[in-house]
Amino acid sequence: MNINELNEIKARALASMGPRVADHTKKDITERTVLVCGGTGCTSGKSRVILKEFKDLVAEKGLGDKVHVIMTGCFGLCALGPVVIVYPEGAFYSQVQPEYVEEIVNEHLVNNNVVKKYLYKETVQEDGVIKALNETSFYKKQNRVALRNCGVIDPENVEEYIARDGYQALYKVVTSMTPDDVVNTITASGLRGRGGAGFPTGRKWMFAKASKAEKKYVLCNADEGDPGAFMDRSVLEGDPHAVIEAMAIAAYTIGADQGYIYVRAEYPIAVQRLKIAIKQAKEYGLIGKNIFGSSFNFDIDVRLGAGAFVCGEETALMVSIEGNRGEPRPRPPFPAVKGLFGVPTILNNVETYANVAQIILKGADWFASMGTEKSKGTKVFALGGKITNTGLVEVPMGTTLREIVEEIGGGIPNGKKFKAAQTGGPSGGCIPADKMDVQIDYDNLIAIGSMMGSGGLIVMDEDNCMVDIAKFFLEFIVDESCGKCTPCRIGTKRLYEMLTKVTNGTAELEDLDKMEELCQYIKDNSLCGLGQTAPNPVLSTLRNFRDEYIAHVVDKRCPAGVCKNLLKYNIMPDKCRGCTACARKCPVGAISGTVKEPHVIDQSKCIKCGACIATCKFGAINKG
Amino acid sequence: MANQQKIPFTGTKAQEQKLRKVLRGLKNVDGALMPALQQAQDIYGYLPIEVQEIIADTLGLSLAEVYGVATFYSQFTLTPKGKYKIGVCLGTACYVKGSGDIYAEIQKQLGIESGITPDLQFSLDATRCIGCCGLAPVMTVNDDVYGKMTKDQVAGIIAKYKN
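These protein sequence lines map, in sequence, to chains L and R.
Once you know that position 577 of the first sequence is 565 in our numbering, the rest is easy, because the numbers rise by one and skip nothing.
Once you know that position 11 of the second sequence is 198 in our numbering, the rest is easy, because the numbers rise by one and skip nothing.
One thing to keep in mind: the hints can contain errors.
[Stated by the list, open to error] With beta-carbon atoms standing in for the labels, derived distance ranges:
(1) Asn350(R) x Arg531(L): 49 to 55 angstroms
(2) Val576(L) x Gln204(R): 27 to 33 angstroms
(3) Thr199(R) x Leu2(L): 50 to 56 angstroms
(4) Phe195(L) x Lys347(R): 29 to 35 angstroms
(5) Lys295(R) x Glu91(L): 38 to 44 angstroms
[Said to hold, decoys possible] To give an idea of the chain R side of the interface with chain L (calculated C-beta under 7 angstroms), a few residues:
(6) Gln228
(7) Gly232
(8) Asn329
What the hints contain is simulated information worked out from the structure, not anything from laboratory work.
Glycine included, C-beta positions come from ideal geometry on N, C-alpha and C.
Use the sequences and the hints to build the structure in full.
This is the structure in structure tokens:
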């Protein structure tokens, strides 16, 4: 491969790709592109069937040369999946069912009439013009850098990546930059590790470059273990070549010739697309021997994880690739000195890599112009939980939580009140409502007792009990602690037992102090990041929602009505019509009463299953 | 666990040949044990001690090392799974939307805490985030995904798979 060939492919691919942006001025439309989301969320909603339907019908109607049907990565708005976009109109069809496809093909692709009833509601305007996606509230404040190709290109076709300037950065680096130039550019851009800890990427590369060794490795951490986070998966599914190109750039910089991508086995689509991408990159001579005619060689392999959260920790990940139990080891020596198989190694997260090629092409200043003083660029968040627009959002660092939740996320469904947002997964904390206007960046989040983490952002409303949430994360940690060091193995277990006492209503006030003390001990003494951050969900809820803990401990009451042992269901006599529905539904016969008279729940029999409250049509039953 | 039963090893010659072929291909690979266990589990559906012995012998490792790795990672299972593998996502997004109740309902319907039903038809696992948080709460049966679950849908879904 040389630059002329690369540019030829780029020109050819661009010409054959069909429209990929909305163009409302276009009158006589002769060519259309139908993009069907092939991310995991939409695939779970049968988007593969939808894709096949489109392809079959387009072929059947003889539209093959005028309509391109393409499967892409994630568009981001998972709540509305499965999603289909048709360009140049920019028609955003949401929650598409396989049976809608025929109508869309007939009406839209054949008769040129957009099928408005299937469009995402916010994009339908009175004047008939479809609102552009980047003007909708979900996309308006987003800035897609790491996700720029997700939902735009076919991830299984390297030529579409090349069409979007793919591998130009690698060419530039290999032919016109020294390793020091690359380190300086990445350092000047201010890029920090997107895996959570926020270590400056340029510095990491500089250390590994400075280590003298015959063999070095470049690793990609795609072991996205935070339950409720799926940023890295979406990048791998939607734009795998961005990661491969960046790893090659990193390898050139530090002097490595072999890379490994360590990816969760739970991500079958991502694994498959990565393998396809690596194969294509090799076939096109974009990785392999003598890249762009230079003396630089680079090869990549995929290694699968096997469901151990601790393997997201860098030393554990390396031990796992070596074929052992994924137990972390003390640092120093740092991986830049002694990493995989005992040689200098760098490990970066998927999203970190997804920024690299663009920094090389557009320059450090461009990247540094986005974000806050100490956190540059953008961050991808996986928005989930009690939020209207569940999905993937990429915003400049410094965006506030309020903007993400209320504007982009569309607020809390069912008229409920925001209670907290959890960031950083099991290592992070809960941000309460009064901190919603803090600008999100690495340092601010730590200052308010949470952390950036990899980007999971789970919204909770008034029906979520914060003690229960802390317990949920602790249970996860107890499960995932590798057992190597005592503070984490035994400390988190003890902490979990104390939390269970709180949710059971058997804790005393002094237990809260003991918990805080134990948290500090676990933080200070654990071997790796998993243990050192494990108490964070407890500490942050104790700090921000202490009144909820006190309600459990002193009043023996769960204000959110979650902790079963503290729950009491009651029938309000003034609202009960005596319809007997609840009494018939109760599985243990705890409800009694005569017809048309208020009923009563026998608390000694009640198993707190909640069947009565779900049955009552008059809202006559409360819990608390 | 009370419901763990000893299930006799029923591996076939063909399976063993397949495994040995895989292992030959991994001979010179650095860190071959993980890929070996992953592919062995694909072949047998689980990793009985008989299979671990073959892996240990061929890769020149002790059985203790193989067993150590096989029991460390949650994806490796030493007992077989049911014909229908039920998973309930207990990732954060599903959990805050009540997947814990869905899990409890499935336990009740199947009459097991976790593991496999006595007739080997169903096995139940709590899974981590499977990545379709837009559909939360989610349960899966083999490759079928059921989203936006409510407790009373559970019985109907399980019934679909009962013979």
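Violated constraints from the hint list, given by number and in increasing order: 2, 4, 6, 7 and 8
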